[in-house]
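S.K.: Quick note, the sequences are listed as chains A and B, same order. Under my numbering, the first residue of the first sequence carries the number 3, and numbering increases by one thereafter. Under my numbering, the first residue of the second sequence carries the number 85, and numbering increases by one thereafter.
If you're looking for bench data, these hints aren't it; they were derived computationally from the structure. Hints may be right or wrong, so weigh each one.
List time: in silico DSS-like cross-link candidates among lysine-lysine, alpha-carbon distance up to 25 Å [to be verified]:
no.: 1; chain 1: A; residue 1: Lys37; chain 2: B; residue 2: Lys146
no.: 2; chain 1: B; residue 1: Lys216; chain 2: A; residue 2: Lys37
no.: 3; chain 1: B; residue 1: Lys253; chain 2: B; residue 2: Lys216
Predicted model, so just to flag it, every value in this text is computed and none were measured.
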Amino acid sequence: MDPKLKDILKDLYTLDPSLEAQEAELLPVLEALLKLKPETPLDANFTAELRRKLLTPSSHSSSLAMSSPAFHKFAFAGLGGLITLLIAVPVTYKLSQSSTGLSDFSLSSLSGLPKITNLGQAAFGTLSSDASSANGALSERSSTTVGMGGGGTAASAVPAPTSDTKLMAPGMPIDPYYGDVIEYVYTYKGEALDLSGVSDAVYKKTGGLNIGNSGKDLTRDTFGPLNISAFKGAKLQTFNVKQDADNGYTIYVDPENGVISINGNQGLWGYSSGDYIPLTESDIMSNEDAIATTNKFLADYDIDTTGFGAPVVDDRGVVYALSQPVGMRYIPDTVNITYPLLLEGQPAYNGDGSAYGLFAMVNMRTKAVVSLTINVASTYDKSSYELERDSAEILNLASHGGLYYYPMEGVTKTVEIELGTPEVILTSHYTYTNNNSELLFIPALSFPVTKNSDTDPVYSDHIVIPLVQSVIDEARAQPPITIYNENVKMAE
Amino acid sequence: MLRTEDELIHASQNGDRQAFGELYDVYAEKLYTFIYYKTSQRETAEDLTSIVFMKALRNLKKYTQTEQGSFAGWLYAIARNTVIDHYRSIRPNDSIDDAFDLPSHAHIMEDTEHHLQLEKIQTYLKSLPSIKRDIILMRVWQELPYKTIAAAVGKTEDNCKMMYSRSIKELRLALTSILILTLMYLPHLSSPYGS
Numbered sequence: 003m004d005p006k007l008k009d010i011l012k013d014l015y016t017l018d019p020s021l022e023a024q025e026a027e028l029l030p031v032l033e034a035l036l037k038l039k040p041e042t043p044l045d046a047n048f049t050a051e052l053r054r055k056l057l058t059p060s061s062h063s064s065s066l067a068m069s070s071p072a073f074h075k076f077a078f079a080g081l082g083g084l085i086t087l088l089i090a091v092p093v094t095y096k097l098s099q100s101s102t103g104l105s106d107f108s109l110s111s112l113s114g115l116p117k118i119t120n121l122g123q124a125a126f127g128t129l130s131s132d133a134s135s136a137n138g139a140l141s142e143r144s145s146t147t148v149g150m151g152g153g154g155t156a157a158s159a160v161p162a163p164t165s166d167t168k169l170m171a172p173g174m175p176i177d178p179y180y181g182d183v184i185e186y187v188y189t190y191k192g193e194a195l196d197l198s199g200v201s202d203a204v205y206k207k208t209g210g211l212n213i214g215n216s217g218k219d220l221t222r223d224t225f226g227p228l229n230i231s232a233f234k235g236a237k238l239q240t241f242n243v244k245q246d247a248d249n250g251y252t253i254y255v256d257p258e259n260g261v262i263s264i265n266g267n268q269g270l271w272g273y274s275s276g277d278y279i280p281l282t283e284s285d286i287m288s289n290e291d292a293i294a295t296t297n298k299f300l301a302d303y304d305i306d307t308t309g310f311g312a313p314v315v316d317d318r319g320v321v322y323a324l325s326q327p328v329g330m331r332y333i334p335d336t337v338n339i340t341y342p343l344l345l346e347g348q349p350a351y352n353g354d355g356s357a358y359g360l361f362a363m364v365n366m367r368t369k370a371v372v373s374l375t376i377n378v379a380s381t382y383d384k385s386s387y388e389l390e391r392d393s394a395e396i397l398n399l400a401s402h403g404g405l406y407y408y409p410m411e412g413v414t415k416t417v418e419i420e421l422g423t424p425e426v427i428l429t430s431h432y433t434y435t436n437n438n439s440e441l442l443f444i445p446a447l448s449f450p451v452t453k454n455s456d457t458d459p460v461y462s463d464h465i466v467i468p469l470v471q472s473v474i475d476e477a478r479a480q481p482p483i484t485i486y487n488e489n490v491k492m493a494e
Numbered sequence: 085m086l087r088t089e090d091e092l093i094h095a096s097q098n099g100d101r102q103a104f105g106e107l108y109d110v111y112a113e114k115l116y117t118f119i120y121y122k123t124s125q126r127e128t129a130e131d132l133t134s135i136v137f138m139k140a141l142r143n144l145k146k147y148t149q150t151e152q153g154s155f156a157g158w159l160y161a162i163a164r165n166t167v168i169d170h171y172r173s174i175r176p177n178d179s180i181d182d183a184f185d186l187p188s189h190a191h192i193m194e195d196t197e198h199h200l201q202l203e204k205i206q207t208y209l210k211s212l213p214s215i216k217r218d219i220i221l222m223r224v225w226q227e228l229p230y231k232t233i234a235a236a237v238g239k240t241e242d243n244c245k246m247m248y249s250r251s252i253k254e255l256r257l258a259l260t261s262i263l264i265l266t267l268m269y270l271p272h273l274s275s276p277y278g279s
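If we strip away everything but chain B, and leave its shape as in the complex, we get (with noise of 0.2 Å):
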C-alpha cells in the first residue's frame, strides 16, 4: 500500500493499473492545474488532462529516470507540449504555445469570472518567452522543485535557476508602472509592500 514513487512507476510499467492510479491520484490536481493556468479554460484544461495521462500511460514502458529526469518533470514536459500542441492545432498560422499568447479580444470562450484576473496575469507575463513564463508559474504558484521544472522544459538545473531569476528581476523592471495601476483596482492589496 505503501510504495514508494519508484515502485509505483516500475509496478506500472509492468501493467499494475492500479500503481498508475497511485500515480495518478498524485499528480492529477497538479497536472490539471499547471494546465488551466495555461489555457484559463476549464473544459480544455480537462480534455488535455486527460490527453496528457493517455500519453503518459502509452509511453510510461519508455520512461526513465536517467533519459528523461524525474518522473514529475517528465509528466510536466507532457503537459506542456501539449498544450502547445493544442494551440497550434487550433492557430496553426501563429506563433502561440499557450493562452498567455492570445490576444485579449480572442478570449471569448474563457470563464467569464476569470477574464479580468487572466488580463491583469497576461499584462505581467505577457512579456516574456513561454519557457520563462512556464518557470515563473511553476516556481511561484506550483513551488515545484528546480529538478521537476528543469525536467518540465528541457533544460538543466542551473539554468532554470538563472532564467527565473533573471525573469523576476525583468518583471520587477517592466511592472513597476503598471503594478501602480493594479493595485489600484486589488483593493485587497492594502500595502505594497505586503503585511
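The following block holds chain A by itself, in its conformation from the complex (with noise of 0.2 Å):
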C-alpha cells in the first residue's frame, strides 16, 4: 500500500477508531483523492518577479546608477541614437578550481552576444497576457487580471487630467481587515511629455544560456553505476556546483531559462543560527562601498558586465529601518545591487520599476557579495508595435498609479503623492502559450515618485506605464476587482 495512504489511514483511525472497519470502502475513496489532485503549473518567472516585488519596500529608494544625464532626462531623441548599438551580453564566469569535483567542465563558453533577430511588425500576436485571448478576444479573461497592480478598468472612468489639478485614483490594494482604507492622490510634477520620439520595438526572450559543447561533455560522462551518455539525446537542463568552503559559493545554472544564480555559503554571512546580532547604524556601507564591493567581486570571478548598464543601489530597506524610532530599528544585513540588462541600449526594469538583470546582494556584515542573480538570454526576437503616443493618455493612466489599479469603497484616507519626469525603459511583459509564459521587454514610462507620503507611503518609487496600445487596450476591457470586503473576516 502506498505509504502516503497508509498515513491517511492511521491519522482518520486516530480520529476516530471505528473507521478501521471500513478500511476497503475508505482505500478507493482515498485513493482516487489522491490521484485526482491536480497538477499546479507554477510558474518560476511569476514566483521570482512577485519576489522582487514584495522584497522592494515603500519608497525612500537611492538610484546611484542614475546620475547619468541620459537616463534623468526624458531625452528621447538621445534614446533613438542609443537604439541603433548593438549591446552584448556576454556572461564568462570560469570554474577554474578544481575543488569542485568538475574541474574540467569551464562556463567560459557561456560568453557571447545575444542575437536579436527582427521580425517585422506585431510577430508576437496582440501582447495579451491570456493565450486564450491571443486573437482579440480580450474579453474572455479572467476577471481578475491583477498581478501586482491590480485589477483593470475603463479609463474612461477616469477624467483626463489638466495640467494643474490633481489627479484622483485609488492605490495599492491596502489592509482589508484593519485601518484605513487609502486613495491615493497622484500629481504630475514633471516635464511637458513628448511621445513622438519613442521607438517602437518589442523585445522576445527565445533562448537561453549558449553553454556550447559543454553541456554535452557533461552528458558524455559517467557516473559510478551511470553512464549518461547511454540515454540517447540527453541534455544538459540545470547544475549545481558548490566550493566547499564556509567562505565559498554555490552555484546554479539554468541554461535553458538563461538564469545563472552564485549563493555564498554559510560563512559569508557572518553568523549561524543561535548567535543573530542585528546590525547597527555604524555597521552600514555607503552606496559607494556597496558597489565597489559587487565591482571587485565581478572582477575577481571575471563576469563581464558590459551588456548591463550602471549599477542601481537598492538601500530602501536601511532608509526605512532608519526612518524607524530608536529601539523599533531593524536593520537588515543585505543591500541590493542591481544591473540593468541592456537592449540595443534600453535598460530593462521589472514591473514594479526595479531594475532587471544582474542582480548582486552585498552583507553589511561581512562585507561580501553574498547572492548574484544574473539574468541572461542569448537570443531575442524583435517586433515592432503600435504605441499609445497620446500624453494627455498616458497621464491619465499614471494618475492611477499605475495601468492596473482596485478601486476601493469605503475610502477613509487620502494621501497625496507626485511624481516627475518619466524615463523611458524597457518593461517586462509575459505572455502564457500553452500553460508556458514567455517574457517580453516591451516600450514603458517609468515615473519615480518625487513625493511619497512618510506615514503611508506607496509600495513602489515608481509608477511604470506600459506603452503598446494591446496592453492598455486589454487592460481597459478587464472590470475592475474589489479589494475590500467587510464582510469577509479573517476568522470565524
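Two chains, two frames, some hints: make the complex.
M.R.: Shown next as C-alpha cells:
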C-alpha cells in the first residue's frame, strides 16, 4: 500500500477508531482523491518577479546609477541614437578551481552576444497576457487580471487630467481587515511629455544561455554505475556546483531559462543560527562601498558586465529602518545592487520599476557579496508594435498609480503622491501560451515618485506605464476587482 | 542565514524585507497550490497569490501568534478569504466560495487539460460545505498539520479533526456509486484497493 495512504488511514483511525472497520471502502475513496490531485503549474518567472516586488520596500530608493543625464532626462532623441547600438550580454564565469569535482567543466563558453532577430510588425500576436485571448478576444480573460498592479478598469471612468488639477486615483490594495482605506492622489509635476520619438520595438526572450559544448561533454560522462551517454539525446538542463568552504559559493546554472545564481555559503553571512545580532547604524555601508564591493567580486570572478547598465543601489531597507524610532530599528543585513540588462541600449526593468538583469546582494556584516543572480539570454526576437503616443492618456493612466488599479470602497483617508518626469525604459511583460510563459520587454514610461508619504507610502518608488496599445487596451477591457470586503473576516 | 521562522517573522515585522523574502520562499508554492486547487485557473491563482502576499506584508506588524495562531495558518486564512473575496466580487449575487461551487458549465476559463479532472473532483467534493472541503484539501493534498488548518479556517484543532473524519465518512457514503463510474474512466486505478 502507498505509504501516504497508510499515513492518511492511520491519521483517520486515530481520530475515529470505528473507521478501521471500513478500510475496504475508504481505500478507493482516498486513493482516488490522491490520484485526482491536480498538477499545479507554478511558473518560476512569476514567483521570481513576485519575490522581487515584495522585497522592494515602500519608497525612498537611492539610485546612484541614474546619475547619468541620459537616464535622468526625458531625452527621447538621444535614445534613438542608442537604439542603433548592439549591446553584448556576455557572461563569463570560469570554474577553474578543481575543488568542485568538475574541474574539467568550464563555463567560459557562456560568453556571447545576444542575437536579436527583427521579425517586422506585430510578430508576437496581441501581447495579451492570456493565450485564450491571443486572437483579440480580450473579454474572455479571467476577470481578475491583478498581478501586482491590480484589477483593470475602464480608463474612461477617470477624467483626463489637466496641468494644474490633482489626479484622484485609488492606490494599491490596502489592508482589508484593519486600519484606513486609503485613496492615493497622484499629481504629475514633471516636464511636458513628448512621446513622438519613442521606439516601438518589443523584444521577446527566445533562447537561454548558450553553453556551447560544455553540456554535451558532461552528458558523455559516467558517474559511478551510470553512463549518461546511454540515454541518447540527453541534454544538460540545470546543475549546481559548490565550493567546499564556509566562505565559498554555491553556483546554480539554468541554461534553458538563462539564469545563473551564485549564493554565498554560511561563512559569508557572518553568523550562525542562534547567535544573530542585529546590525547597528555604524555597520551600514555607503552605496559607493557597496558598488565597489560588487564590482570587485565581478572582476575577481571574471563576470563580464558589458551587456548591463550602470549599477542601481537599492538601500530602501536601510533607509526605512533609519526612519523608524530608535529601539524599533531593524537594519537588514544586505543591500541590493542591480545592473539593468541593456537591449539595444535600453535598460530593462521589472513591472514595478526595479531593474532587471544582474542582481547582487552585499552583506554589510561581512562586506561580501552573498548572492548574485544573472538573467541572461543568448537570443531575442524583436518586433514593432503600435504605441499609445497621446501624452494626456498616458498621464491619465499614471494618475491611477499604474495600468491596473484597485477601486476601493469606503475610502477613509487620502494621501498625496507626486510623480516626476518619466524615463523611457523597457518593462517586462509576460504572455502565456500552452501553459508556458514568455518573457517580453516592451516600451514603457517609468515615472519616479518624487514625493511620497512618510506614514502611508505607496508600495513602489516608480509608476510604470506600458506604452504598447494592445496591452493598454487589454487592461481597459478588464472589469475592476474590489479588494475591500468587510463581509469576510479573518477568523470565524 | 539560518534563522528560525519566529526570528524571520520578528525581523520582517521590523522591516527586514530579506527576512520576508525567506518566508515567501517557504510559503509561495504552498499558497499558490492551495489557491490553484480552489480556482483551477493558473492566472487567477497567480493574481490571488500576489494579493495574499501583499496583504500579508501590509498586515505583518499586526500578526501575533496568540491572536492569529500559527503563521502558516494565518497565511492560509488570508488565502481562503482572498479566494472568497474573488468569487464574491465576480458573482456577487451567488453564494460561491470557490471554483467547486461553480456550475460545471461555468468553467469556460479553466485550463482545458484539467477540465475533466476538475469535474471528477467536483463530483466528490461538491456536496460538502467549503470549510469541510478546505479541510480535506489541506489535509489530504497539502498534508498540513491540524494546527495550521485550524488557524486557516478559524476553528479549534479538535473541531477540525472531527470535521475531517466526518467529512471522509460522508464522502465514503456519498461516493460509493460515483466511484464505480470514476474508476471505469481512470485505467491507472487498476485496483479499487490500491497496490
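S.K.: Does each hint hold? Answer for all of them.
M.R.: Structure-based check of each hint:
1. A/Lys37 with B/Lys146: Given that 25 Å is the threshold and the Cα spacing comes to 39 Å, the pair is violated.
2. B/Lys216 with A/Lys37: Status holds; Cα separation ~20 Å.
3. B/Lys253 with B/Lys216: Judged against 25 Å, a Cα distance of about 12 Å means the pair holds.
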